[in-house]
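Spelled out, the chains give:
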Amino acid sequence: MTTKPAPSRLDPEPIPRRDFLGLSAILASGAALLFALLGLLRLPKAAVLPSVSKKFKVSLPESLAPGQAYVPPGRSVAVFRDDRGIHAISTVCTHLGCIVKTTAHGFECPCHGSKFAADGSVVRGPAPKPLPWLGVTVTANSITIDEETVVPAGTHKEIVT
Amino acid sequence: MSAGVTEGAREPALARFRANLLAAPRRFVETAFRSGAPATDRTRSTFVFGNVFLHLHPVRTHRWSLRWVTTFGLGIASVSAFLITLITGVMLMFYYKPYVGVAYDSIKDIHFVVPTGRFIRNIHRWAGNVMVVGVLLHMTRAFYTAAYRKPREFNWVIGMLLLVVTLGLAFTGYLLPWDQLAYWAITIGANIAQSPREVTDALGITQVFDPGGLQKLLLLGSDTVGAEALIRFFLLHVMILPLAIAALLGVHFWRVRKDGGLTRPADADARTATSERVVPVFTEAPQRTYHLAAIVRGKTPAVGRGPEGTVPSMPHLLYAELAVFMLTVFLCVTLALFLDAPLKELANPAVPENPAKAPWYFLGLQELVAFSAFMGGIGVPSIVILGLGLIPYLDRETEGTGEWFGGPGGARLVAWSAVFGLATVIGLEAFVISFGWLREWWPDVPQLLITAINPGTVLTAMYAAYSIAIVKRYDSIRAGALALFTCFLAGFLVLTIVGTHFRGPNWDFYWSPAHWPTH
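Sequence lines, in order, name chains Z and C.
For what it's worth, the working numbering labels the leading residue of the first sequence as 1, then goes sequentially.
For what it's worth, the working numbering labels the leading residue of the second sequence as 162, then goes sequentially.
Keep in mind that the hints are not guaranteed to be accurate.
DMTMM-like mimics (lysine to aspartate or glutamate), calculated; alpha carbons at most 20 Å apart, straight line [what the hints assert, rightly or not]:
| # | chain 1 | residue 1 | chain 2 | residue 2 |
| --- | --- | --- | --- | --- |
| 1 | Z | Lys157 | Z | Asp83 |
| 2 | Z | Lys54 | C | Glu389 |
| 3 | Z | Lys115 | C | Glu601 |
| 4 | Z | Lys157 | Z | Glu62 |
| 5 | Z | Lys129 | C | Asp371 |
| 6 | C | Lys518 | C | Glu590 |
| 7 | Z | Lys101 | C | Glu514 |
| 8 | C | Lys258 | C | Asp270 |
| 9 | Z | Lys101 | C | Asp669 |
| 10 | C | Lys311 | C | Glu560 |
| 11 | C | Lys633 | C | Glu558 |
| 12 | Z | Lys129 | C | Asp605 |
| 13 | Z | Lys115 | C | Asp669 |
| 14 | Z | Lys157 | Z | Asp119 |
| 15 | Z | Lys54 | C | Asp384 |
| 16 | Z | Lys101 | Z | Glu147 |
| 17 | Z | Lys45 | C | Glu389 |
| 18 | C | Lys518 | C | Asp669 |
| 19 | Z | Lys129 | C | Asp362 |
| 20 | Z | Lys101 | C | Glu506 |
| 21 | Z | Lys54 | Z | Asp146 |
| 22 | Z | Lys115 | C | Glu514 |
| 23 | Z | Lys129 | C | Glu601 |
| 24 | Z | Lys45 | C | Asp384 |
| 25 | Z | Lys54 | Z | Glu148 |
| 26 | Z | Lys55 | C | Asp384 |
| 27 | C | Lys518 | C | Glu506 |
| 28 | C | Lys311 | C | Glu564 |
| 29 | Z | Lys45 | C | Asp371 |
One side of the interface only, derived from the structure: several residues of chain Z facing chain C at Cβ under 8 Å [stated by the list, open to error]:
| # | residue |
| --- | --- |
| 30 | Pro44 |
| 31 | Lys45 |
| 32 | Ala46 |
| 33 | Leu49 |
| 34 | Pro50 |
| 35 | Ser76 |
| 36 | Leu96 |
| 37 | Ile99 |
| 38 | Glu108 |
| 39 | Cys111 |
| 40 | His112 |
By construction, these hints were calculated from the structure, which means they are not laboratory data.
All figures in this text were calculated on a predicted structure; none of them were measured in a lab.
Note that the Cβ used here is the ideal one computed from N, Cα and C, for glycine as well.
Based on the sequences and whatever the hints tell you, model everything.
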């Protein structure tokens with residue numbers, strides 16, 4: 001009884017040509033289909049994002065007390081005015097995107113119970129990050145808030161009179 | 162040369178025409194069913210395998226599979242509910258418009274104006290619920306009877322995928338009315354898809370590697386929830402997911418047949434043998450033999466109860482399936498008559514409901530994401546799905562196959578595991594509700610630590626540790642699987658109940674909704 005010598009790297013078993021061609025065909029087809037699929041997936045990834053402008057002007061009511069939040073209609077931003085100036089804090093919860101309520105002590109999220117202090121920092125709940133402070137531009141007759149610009153917490157803009 | 166003219170004995174063509182016309186209805190039925198009425202054993206067989214809609218069924222079915230307690234008909238009930246949603250869903254598409262400005266109004270039209278619209282929508286909604294419950298219970302049945310074992314491992318995995326797609330269909334479905342529930346559920350769902358950022362942000366690599374952002378972008382088609390998101394969820398609900406579930410169902414059924422029908426114990430033949438009612442199953446001399454039955458000449462002892470303790474699928478299996486289907490229809494229609502499908506106020510992007518609750522089957526998950534978005538929404542569910550999917554490849558034992566709670570430990574182990582599972586999850590919930598978690602104790606604790614160690618992951622780890630201890634104690638992997646699955650059910654149940662009943666405004670704990678503050 002003869003035993004076949006174990007194939008070694010120096011003396012590999014030859015691959016039959018038929019197997020080689022078949023394998024190549026399968027791999028080539030697989031690669032082609034994979035790339036076609038990846039190409040198809042480019043379609044649902046929108047290149048232009050339809051959304052409203054994130055920059056808007058606000059006028060604060062005269063009666064706005066220090067520490068009291070003013071939420072412009074249709075926006076998810078809370079604007080505050082006190083001795084140090086004006087600042088704006090996003091009211092989009094950093095946990096899962098619900099809109100937080102402004103309360104006397106800060107902010108509360110109705111969806112999963114996150115609570116934030118008046119400066120936006122997380123007090124309790126699952127929110128991973130503090131509420132961001134947003135960029136405010138103050139000129140003589142207008143206040144502009146840019147929801148896309150995040151500024152360090154504690155940045156107040158002096159009121160120009 | 163025309164053939165008929167010269168033959169003297171034949172009737173005139175007009176008379177034959179009349180006779181053929183009169184016979185046409187009878188012949189139409191004969192040709193449709195090919196084998197005639199399923200009156201004899203042989204025609205019953207051809208009735209099943211000669212029909213494209215029935216041929217997924219075996220020609221004969223084992224008595225064990227037909228016992229009520231073997232399956233409780235849960236798989237058929239699930240697919241019945243799916244068929245009901247399919248039909249009612251197509252009906253709803255006559256009127257539903259997937260556009261932000263009109264979606265809500267079209268649902269109101271369906272509810273208040275369209276003839277039977279409210280009833281059809283109610284049936285659709287409750288059939289969807291019945292399907293979720295049916296699939297979960299079907300999985301529970303398959304697990305406790307060890308039906309996932311060789312050669313059915315792959316079909317168990319297909320079943321896991323079917324569970325995921327079923328939940329996907331339910332989720333995408335309740336988004337379409339564009340009411341408050343819909344809007345905030347899309348927002349939360351899209352942000353769960355984005356929640357890998359919880360980890361990438363903590364590691365500071367979101368700029369270069371942001372799978373979360375990509376997932377959210379693909380789901381919403383925009384950076385905010387709006388028209389693009391609604392049309393995508395509509396597409397998922399009425400096209401992509403139904404096609405996926407149809408394909409998976411085809412594989413699932415095919416594999417049930419190819420894997421040898423339903424699981425049964427090795428001694429199922431003896432245990433289902435009936436002596437009192439021996440009916441000769443072959444009541445006519447067969448004209449030809451077919452491979453199933455070398456016993457057709459009636460010379461073997463198998464005659465009387467059929468080969469291998471089986472009975473003809475027509476009528477036994479098909480009538481049982483029809484009964485389950487009719488029960489499911491009855492259940493859905495009854496629910497639809499007495500309970501209206503919910504519809505909240507029109508979506509308001511400025512104010513979420515308080516509390517904003519998902520439908521009941523996601524409230525366990527909502528409880529988990531209230532600990533950590535990434536772990537609750539993606540991490541723990543993935544671990545659970547992966548763990549359940551691995552069970553058939555880890556448990557290669559044979560003891561107790563086909564028996565309820567079969568395996569070392571049996572019903573006793575399941576009962577103790579239920580006690581452990583319930584005690585652990587209730588204890589952990591009570592602890593968190595009373596004392597809070599890391600952030601309430603140390604406000605500056607790093608987010609990564611909370612992501613890694615939160616009540617959801619602690620619960621998962623405790624269940625895993627308990628199951629491994631059981632594997633060791635009983636020296637059996639099946640015992641560990643019984644423990645793990647029972648714990649999973651206990652956790653799911655308790656978290657769902659807590660989310661449904663004990664969470665109020667701001668997701669705070671209340672003993673009862675009656676205690677919620679009025680404002």
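Verify the proposed pairing of Z/Lys54 with Z/Glu148, using a straight-line Cα cut of 20 Å. holds (6 Å)
With chain C as the partner, please determine if Z/Pro50 meets the hint condition of a C-beta pair closer than 8 Å. Constraint on Z/Pro50 satisfied, holds at 6 Å.
Hinted pair Z/Lys54 and C/Glu389, Cα distance within 20 Å: holds (18 Å)
C/Lys518 and C/Glu506 were given as a pair; does the straight-line alpha-carbon distance stay at or below 20 Å? holds (14 Å)
Is the shortest C-beta separation between Z/Glu108 and chain C less than 8 Å? Z/Glu108 check passes; min Cβ-Cβ to chain C is 5 Å, inside 8 Å.
So, Z/Leu49 near chain C? Judge it on the closest CB pair being under 8 Å. Since the shortest Cβ distance to chain C is 5 Å, the answer is holds.
Against the 20 Å threshold, does the CA-CA distance of Z/Lys101 and C/Asp669 hold or violate the hint? Answer holds: Z/Lys101 to C/Asp669 is near 15 Å, not above 20 Å.
Would the pair Z/Lys115 and C/Asp669 pass a check requiring their Cα atoms to be no farther apart than 20 Å? OK: Z/Lys115 and C/Asp669 at ~11 Å, within 20 Å.
For Z/Lys157 and Z/Asp119, compute the direct alpha-carbon distance and say whether it is at most 20 Å. Holds. Z/Lys157 to Z/Asp119 sits at ~15 Å (cutoff 20 Å).
Z/His112 as an interface hint toward chain C, with CB separation required under 8 Å: With a closest approach of 4 Å, the Z/His112 hint holds.
Is the shortest C-beta separation between Z/Ala46 and chain C less than 8 Å? At 5 Å from the nearest chain C Cβ, Z/Ala46 passes the 8 Å test, so the hint holds.
20 Å Cα cutoff - pair Z/Lys115, C/Glu514: holds (16 Å)
Figure legend: structure checked against the earlier numbered hints; every hint is met.
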